[in-house]
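Could you put together the complete structure from these sequences and hints?
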Amino acid sequence: MKTEELKRLSCEPVEFKVKEKRTLLGFSRKQLCIPYGVFLACFVVLPLLLIVFYAFTDQQGGFTFDNFIRFFTSATTLTTVIISILIALATTVICLLIAYPVAYILANSKLNKGGTLLMLFIMPMWINFVLRAMAMKDLLTLIGVFEFNNYLNVIIGMVYDYMPFMVMPIYTVLMKMDKSLIEASKDLGATGVQTFTKVVFPLSMPGIASGITMVFMPTMTCYVISDTFGNGLITIIGKLIDEQFTTFSNWNFGSAMAMVLLVIMLISMWVTGGFKSEETRGTNL
Amino acid sequence: MPAELLRGTFMVKNNENIIDLIGITRQFDDGVIAVDNLDLHVKKGEFVTFLGPSGCGKTTTLRMIAGFDKPNEGKIYLNGKDITELPPYKRPINTVFQKYALFPHLNIYDNIAYGLKLKKLKVTYEDKDGNRVERIEKFSKKEIAKKVERALKIVDLEGFEKRSVSTLSGGQQQRVAIARAIVNEPQILLLDEPLGALDLKMRKEMQIELKDMHKKLGITFIYVTHDQEEALTMSDTIVVMNDGIIQQIGTPEQIYNEPQNAFVANFIGESNIFSGTIAGKNKVRFLGKVFDCVDEFALNEKVDVVVRPEDVKITDAGEGTVDGTIIYSIFKGTHYEVVVKVGKSEITTQTLREVKVGDKIGMTVAPDEIHIMKKEIQSNVYDGYITKDNTVCFGDGEFLCDLTQLYEKSFIDDEGYLVTSAGERLDLTDVDVKVEVGLKDITIEDIKNDSDIESDEHYGAIGKIIQIIYKGDHYQLIVRTEENEEDFVFDTEDTWNEDDIVRVLIKKENIKLSLKQEIKR
Numbered sequence: 000m001k002t003e004e005l006k007r008l009s010c011e012p013v014e015f016k017v018k019e020k021r022t023l024l025g026f027s028r029k030q031l032c033i034p035y036g037v038f039l040a041c042f043v044v045l046p047l048l049l050i051v052f053y054a055f056t057d058q059q060g061g062f063t064f065d066n067f068i069r070f071f072t073s074a075t076t077l078t079t080v081i082i083s084i085l086i087a088l089a090t091t092v093i094c095l096l097i098a099y100p101v102a103y104i105l106a107n108s109k110l111n112k113g114g115t116l117l118m119l120f121i122m123p124m125w126i127n128f129v130l131r132a133m134a135m136k137d138l139l140t141l142i143g144v145f146e147f148n149n150y151l152n153v154i155i156g157m158v159y160d161y162m163p164f165m166v167m168p169i170y171t172v173l174m175k176m177d178k179s180l181i182e183a184s185k186d187l188g189a190t191g192v193q194t195f196t197k198v199v200f201p202l203s204m205p206g207i208a209s210g211i212t213m214v215f216m217p218t219m220t221c222y223v224i225s226d227t228f229g230n231g232l233i234t235i236i237g238k239l240i241d242e243q244f245t246t247f248s249n250w251n252f253g254s255a256m257a258m259v260l261l262v263i264m265l266i267s268m269w270v271t272g273g274f275k276s277e278e279t280r281g282t283n284l
Numbered sequence: 000m001p002a003e004l005l006r007g008t009f010m011v012k013n014n015e016n017i018i019d020l021i022g023i024t025r026q027f028d029d030g031v032i033a034v035d036n037l038d039l040h041v042k043k044g045e046f047v048t049f050l051g052p053s054g055c056g057k058t059t060t061l062r063m064i065a066g067f068d069k070p071n072e073g074k075i076y077l078n079g080k081d082i083t084e085l086p087p088y089k090r091p092i093n094t095v096f097q098k099y100a101l102f103p104h105l106n107i108y109d110n111i112a113y114g115l116k117l118k119k120l121k122v123t124y125e126d127k128d129g130n131r132v133e134r135i136e137k138f139s140k141k142e143i144a145k146k147v148e149r150a151l152k153i154v155d156l157e158g159f160e161k162r163s164v165s166t167l168s169g170g171q172q173q174r175v176a177i178a179r180a181i182v183n184e185p186q187i188l189l190l191d192e193p194l195g196a197l198d199l200k201m202r203k204e205m206q207i208e209l210k211d212m213h214k215k216l217g218i219t220f221i222y223v224t225h226d227q228e229e230a231l232t233m234s235d236t237i238v239v240m241n242d243g244i245i246q247q248i249g250t251p252e253q254i255y256n257e258p259q260n261a262f263v264a265n266f267i268g269e270s271n272i273f274s275g276t277i278a279g280k281n282k283v284r285f286l287g288k289v290f291d292c293v294d295e296f297a298l299n300e301k302v303d304v305v306v307r308p309e310d311v312k313i314t315d316a317g318e319g320t321v322d323g324t325i326i327y328s329i330f331k332g333t334h335y336e337v338v339v340k341v342g343k344s345e346i347t348t349q350t351l352r353e354v355k356v357g358d359k360i361g362m363t364v365a366p367d368e369i370h371i372m373k374k375e376i377q378s379n380v381y382d383g384y385i386t387k388d389n390t391v392c393f394g395d396g397e398f399l400c401d402l403t404q405l406y407e408k409s410f411i412d413d414e415g416y417l418v419t420s421a422g423e424r425l426d427l428t429d430v431d432v433k434v435e436v437g438l439k440d441i442t443i444e445d446i447k448n449d450s451d452i453e454s455d456e457h458y459g460a461i462g463k464i465i466q467i468i469y470k471g472d473h474y475q476l477i478v479r480t481e482e483n484e485e486d487f488v489f490d491t492e493d494t495w496n497e498d499d500i501v502r503v504l505i506k507k508e509n510i511k512l513s514l515k516q517e518i519k520r
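These protein sequence lines are chains A and B, in that order. Heads up, the first sequence is in numbering that gives the first Met the number 0, so the first residue is 0 and it goes up one at a time. Heads up, the second sequence is in numbering that gives the first Met the number 0, so the first residue is 0 and it goes up one at a time.
Bear in mind the hints are in silico, worked out from the structure with no lab data behind them. The model shown is predicted, which means the values in this text are computed figures rather than measured ones. Hints may be right or wrong, so weigh each one.
[Claimed, not checked] Taking lysine-lysine pairs in the BS3-like style, the calculated list, with each CA pair at most 25 Å apart, reads: (1) A:K197 <-> B:K137; (2) B:K373 <-> B:K282; (3) B:K89 <-> A:K197; (4) B:K146 <-> A:K197.
[As the list claims (entries may be wrong)] Simulated restraints on C-beta separations: (5) A:L88 <-> B:E497: 41 to 47 Å; (6) B:H334 <-> A:D177: 43 to 49 Å; (7) B:E482 <-> A:G114: 22 to 28 Å; (8) A:D177 <-> B:N299: 53 to 59 Å; (9) B:G415 <-> A:I104: 53 to 59 Å; (10) B:G44 <-> A:G114: 27 to 33 Å; (11) A:K109 <-> B:H334: 41 to 47 Å; (12) B:G217 <-> A:T196: 31 to 37 Å.
Heads up, the beta-carbon is just placed ideally off N, CA and C, and yes, glycines get one too.
In structure tokens, the structure reads:
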């Protein structure tokens, strides 16, 4: 187009108004951020700094690495960490093995009309989890499973308690999955099984990843369940930290353990986070 | 339709046909009949388009050919072999999906190679002793790479192998979807509104490309669209569908020039549809004048007359068959689109002349441009029954009616019994009747809100306007009830909108009742 033509066409000067800075109730975006900033500072940043401070000081307030040295040289703490990780791993794997077929059925079946079945899986979460754990313990005792092995009991308790956290993200991913992808796969010559392994399963990885993070991390520290189901004989790292703060009043050693735990969690998040795509991050509960 | 009947009895083992659908009916779990006793035969190498409004059953038919859906009744034959029960992965048919359905976790190369990697081939070898050995093999990596490359070349996307799906534009994704289907060398390529998500310019380009591709590849294309222009541009054969029934099968020219009924005429391009009456041999009366025509029908038969806008020739006033006044004129670049008022009717036409609103003009239509078709419906007929309140229930509604018409000189007594002229008292509760209502005897009214449906005024039926066809001086509407899908067909001069929920009202005196059987006394 010639420039004259362009000029003729754009005879009306267009005014671009500068967007109003004030948005909600006359507050700007920045001003609206302040409450959240204050909240984060008070309840996230400050406690973290306190933990770091306590972890690197002795009870007199002097700088020291002793807490960490004690942690990594004590056989008790290291065994506890390993036991915690093993219990969490077993719980996560069992949860996944049970939750995936459940989520698959819930997402596909006509049985789940109006989400009734899904509701049955979610409903226990509305009951206080200590109560739930006690009830489960009594039930296990009643049917005689409770006598066998304390580790088994703890894992059963953990799986029972954290199952919905594994079901939900997988269910959400499967529900959101474009059904035409499954048809496309079959159309291109894949059988039902091949379609599952080549399309459905790979595409449900984000749900599995967020399910794993939501089960693995809390089960490392959830000592209410290990106490209830372990007959007081199984200590996981959460319990150990709790003891330092309550029984021994050694905040410094407790903080150091909390820091180590934090690092372990960050590592596990980094491992599973590799599967997550941005858009499915919000599918957690 | 005698031509249709012939098709139904067509020999299945016909070498020319690649796919035969015989008596296909598909009823969904909720009772909706998507496809109703459909017969269709597609020749090898043909470009067939299923055309119709949404919900007409075209996609369901396609899905049954692909194998995603199974018919409740009927058989599907591929090259004369029954494939009705064959799962989709065993059919040599590939589909291009409406929203592409590309696998987001695979790159372009793996998407296209998906089918090839799964394919098993029977290969026969000759061993040392000259014996034939049959082995099942898969394509080698080299072969797959070659085929993918060729497919990408066909869709003009060379060098895109390593790209991920999300980095492609809609048009490019569409091409990948096509490549993914054709790389398997299917016998039939199914395309389910593949261009629906593209913008107009892209769509036009892809139409031409698809047509070229069809010529190059030589495989049968079955294409589904609701866009009549797309259908006319691309197809060898168009199958016009509505309500799960084939309305017409033909070449684009046949469909456009010789529509078999008002639905086809209205759906394919713009047309003027009038109610007419046969006025003699090769003569039809509409717009208050007698026109020459080529079709032969019985004298005084009521017919629909279809005239395409471009077939109306404008003359000076008094020189044409019929005179009118221009009430609307828009310049369209190459021509003027003009609406002419004749009496109460409006005719849309095109002209190269410069005409102004208010001009008086004459019009003629060449005899072979006047398309006459049987009027589909003359009145509505329902099965109904009498209630204890002496009203009649039919078409998912309850209506006041005059029961005395069932027996001559009868009357209703104080207790609600019908007394015949012979003095017999009859209880008509729950008696089955045939109900007939004329096209002009139905009125509808708006439903303002939901509570209105439940209101005390419970006579009438509630339904949705599912179709409006303009017929020159009036509209023909179809209102369909939700519960049993009963249709009320009627003419009105008022303007309504499709999908409006309305209450159907019929005056007491306009409900014609007849007994289905004698009442037991």
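Hints versus structure:
no.	hint	in the structure
1	A:K197 <-> B:K137	holds (17 Å)
2	B:K373 <-> B:K282	holds (14 Å)
3	B:K89 <-> A:K197	holds (18 Å)
4	B:K146 <-> A:K197	holds (21 Å)
5	A:L88 <-> B:E497: 41 to 47 Å	violated (60 Å)
6	B:H334 <-> A:D177: 43 to 49 Å	holds (45 Å)
7	B:E482 <-> A:G114: 22 to 28 Å	holds (26 Å)
8	A:D177 <-> B:N299: 53 to 59 Å	holds (57 Å)
9	B:G415 <-> A:I104: 53 to 59 Å	holds (57 Å)
10	B:G44 <-> A:G114: 27 to 33 Å	violated (49 Å)
11	A:K109 <-> B:H334: 41 to 47 Å	violated (55 Å)
12	B:G217 <-> A:T196: 31 to 37 Å	holds (35 Å)
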